[in-house]
Amino acid sequence: MVKKWLVEIISLLFVLLFIYTAVYKILDFRNFQAVIGQSPMITRFAPSVAVGVPIAEITISGLLVLPRYRIIGLCASFALMLLFTFYIAILLNLNIHLPCSCGGIIAEMNWSQHLIFNIVFVILALVGISIYKQ
Amino acid sequence: MSNKNIIRFVSICTVCCGLLMFILFITMGRSNATKNGFSRRIPITKLTVAEEVALEGSNFYIAGHTSANIYLGNRKKPLDLWVGNKNLKLQFPEKIKAVWQSSCLSVDSPYVYLSDGLSPKFFRGDLQSLKMDTFLHKSSYFTTAVNISPASFAVRAVNTVAKENMLLKVQSDSPYVITPVNTLKKQIDGVFCTDGQLKYDKASNKLVYMYYYRNQCLVLDTNLNLIQTIHTIDTTTVAKISIAQISDQGTTFSAPPSFVNATVCLHADNIYIRSALLGDNESLAALREYDLVDVYSMTDGHYIQTYYIPMQHKESFTEMCIIKDKLIALYSHFYVAYNLKLNK
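Chains as they are written, first to last, in our numbering: chain D, 1 to 134; chain U, 1 to 344.
These aren't lab readings, by the way, just hints derived from the structure by calculation.
No experiment lies behind these values; they were computed from the predicted model shown.
Backbone N, C-alpha and C fix where the C-beta goes; we use that ideal spot for every residue, glycine too.
Some hints could be false.
Unchecked claim - Within a straight-line C-alpha distance of at most 20 Å, the following computed SDA-like cross-link-like pairs (lysine to any residue) qualify:
#	chain 1	residue 1	chain 2	residue 2
1	D	133	U	10
2	D	133	U	46
3	D	4	U	240
4	U	314	D	126
5	U	314	D	3
6	D	3	U	341
7	D	133	U	341
8	U	240	D	90
9	U	314	D	133
10	U	76	D	40
11	U	46	U	341
12	U	4	D	58
13	U	314	D	92
14	U	4	D	132
15	U	240	D	72
16	D	4	U	8
17	U	314	D	98
18	D	133	U	3
19	U	76	D	90
20	U	314	D	109
21	D	4	U	341
22	U	4	D	72
23	D	133	U	240
24	D	4	U	76
25	U	76	D	109
26	D	133	U	56
27	U	4	D	131
28	D	3	U	6
29	D	133	U	4
30	U	163	U	174
31	U	314	D	112
32	U	4	D	108
33	D	133	U	152
Unchecked claim - If you want the footprint, here are the derived chain U segments under chain D, 3+ residues with CB under 8 Å:
#	region
34	2-13
35	102-115
36	121-131
As the list claims (entries may be wrong) - Computed Cβ-Cβ distance ranges for the label pairs, DEER-style:
#	chain 1	residue 1	chain 2	residue 2	range
37	U	12	D	45	21 to 29 Å
38	U	138	D	45	45 to 53 Å
39	D	47	U	141	32 to 40 Å
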């Protein structure tokens with residue numbers, strides 16, 4: 001029972017995070033696209049990444065909400081957060097000072113805090129996957 | 001999912017994500033990845049450290065210097081002036097709003113000035129009493145200000161009609177604001193593409209405007225008339241920047257800007273420019289270990305020589321000035337004095 005609730009809570013946290021940041025990105029889309037273009041790693045793909053990331057976030061939220069697809073949603077959340085985490089880790093090592101484009105209060109964190117925040121969410125996803133209907 | 005499947009999923013996912021980011025990382029655009037089409041004069045002089053001075057905190061900028069002292073301002077504490085780590089509290093005649101993050105201190109002994117482009121306001125005081133008084137009451141808004149005499153400033157402002165940067169002179173007598181023919185030439189958007197640094201050299205009574213994104217420096221007289229355009233040795237004639245309109249008023253970069261010139265200082269009729277670009281006859285390793293400073297003549301614009309300045313704690317310096325035979329370079333938490341005269 002506890003495990004069931006834990007999975008519910010973890011899914012809810014991811015839905016909140018993804019919907020919140022996706023809405024921010026869409027509301028301020030032109031800014032979001034410009035800011036991610038400033039990152040030398042994504043400059044070339046900025047237009048597609050700018051569309052792709054919010055769509056991925058909303059899609060994953062949908063998967064997490066539907067009980068039938070929840071496990072796929074958790075796996076996808078894990079993958080997406082891991083991708084962001086690797087990206088931040090590389091940026092931190094490059095010593096490039098860029099604005100964060102996550103949106104809302106998430107963007108108020110500095111890069112080191114951001115890295116920790118992401119790692120926590122990666123672990124949460126992992127916990128969610130491993131206790132799901134075990 | 002069984003434990004075995006979870007482990008399999010997690011490891012495949014980690015490898016894929018890592019690989020994807022690694023590919024993005026190794027294929028990303030680097031400004032010095034290809035040949036830049038110019039060469040530096042050999043031999044290049046490597047400067048040696050004379051002294052390193054630690055600073056309390058960060059966000060410092062060089063406000064000015066005398067033959068003995070270097071004065072620093074701090075962007076986070078806009079009303080305080082520092083000599084090394086000694087804090088000089090400036091006294092203002094009125095309550096100053098703390099929102100003045102855009103304000104800037106400049107020292108030209110015996111005076112110290114505070115200019116704020118958002119208000120816009122100017123204050124002047126002397127370094128002995130530190131009592132500041134308002135002056136230059138009629139000014140336009142500006143984004144950069146450089147003191148050129150006890151009664152005038154050269155400023156860079158944004159022409160709101162043309163949406164372009166322009167240089168103006170603000171002075172205490174009528175006409176209070178002089179608008180000469182604009183010398184900043186628009187290439188892309190007029191604001192970002194003309195961004196740069198404005199400096200004044202008291203000895204030669206000239207101003208220099210260094211562009212960040214193109215290979216040019218403008219030498220101006222104190223009425224902001226163009227005397228000469230100096231071309232730096234690299235080949236970037238047109239700014240390599242891309243701009244996105246993000247709202248009715250706002251614009252921002254939509255790709256990393258390609259810096260040509262990082263910072264400038266003037267001394268003894270020479271222009272010292274920290275270049276961001278590597279010459280074809282230099283190794284990439286040089287750019288990881290040294291900051292590159294090219295010296296040009298202010299009178300005829302000729303390239304004289306290049307200094308290699310060792311990076312300190314893997315940091316490039318942000319600003320520099322020259323006091324006698326020392327080049328002072330400012331870093332985030334410290335400054336370093338380098339010997340310009342070599343003891344051979």
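Hint by hint, here is what the structure shows:
no., hint, result
1, 133/D with 10/U, "holds (18 Å)"
2, 133/D with 46/U, "violated (66 Å)"
3, 4/D with 240/U, "violated (55 Å)"
4, 314/U with 126/D, "violated (37 Å)"
5, 314/U with 3/D, "violated (48 Å)"
6, 3/D with 341/U, "violated (72 Å)"
7, 133/D with 341/U, "violated (75 Å)"
8, 240/U with 90/D, "violated (25 Å)"
9, 314/U with 133/D, "violated (50 Å)"
10, 76/U with 40/D, "violated (28 Å)"
11, 46/U with 341/U, "holds (11 Å)"
12, 4/U with 58/D, "violated (29 Å)"
13, 314/U with 92/D, "holds (14 Å)"
14, 4/U with 132/D, "holds (14 Å)"
15, 240/U with 72/D, "violated (44 Å)"
16, 4/D with 8/U, "violated (23 Å)"
17, 314/U with 98/D, "holds (18 Å)"
18, 133/D with 3/U, "holds (12 Å)"
19, 76/U with 90/D, "violated (29 Å)"
20, 314/U with 109/D, "violated (24 Å)"
21, 4/D with 341/U, "violated (74 Å)"
22, 4/U with 72/D, "holds (16 Å)"
23, 133/D with 240/U, "violated (55 Å)"
24, 4/D with 76/U, "violated (49 Å)"
25, 76/U with 109/D, "holds (19 Å)"
26, 133/D with 56/U, "violated (55 Å)"
27, 4/U with 131/D, "holds (13 Å)"
28, 3/D with 6/U, "holds (17 Å)"
29, 133/D with 4/U, "holds (15 Å)"
30, 163/U with 174/U, "violated (26 Å)"
31, 314/U with 112/D, "holds (19 Å)"
32, 4/U with 108/D, "violated (39 Å)"
33, 133/D with 152/U, "violated (76 Å)"
34, 2-13, "holds (count 5)"
35, 102-115, "violated (count 0)"
36, 121-131, "violated (count 0)"
37, 12/U with 45/D: 21 to 29 Å, "holds (23 Å)"
38, 138/U with 45/D: 45 to 53 Å, "holds (50 Å)"
39, 47/D with 141/U: 32 to 40 Å, "holds (35 Å)"
Violated hints, in rising order: 2, 3, 4, 5, 6, 7, 8, 9, 10, 12, 15, 16, 19, 20, 21, 23, 24, 26, 30, 32, 33, 35 and 36; the structure is consistent with all others.
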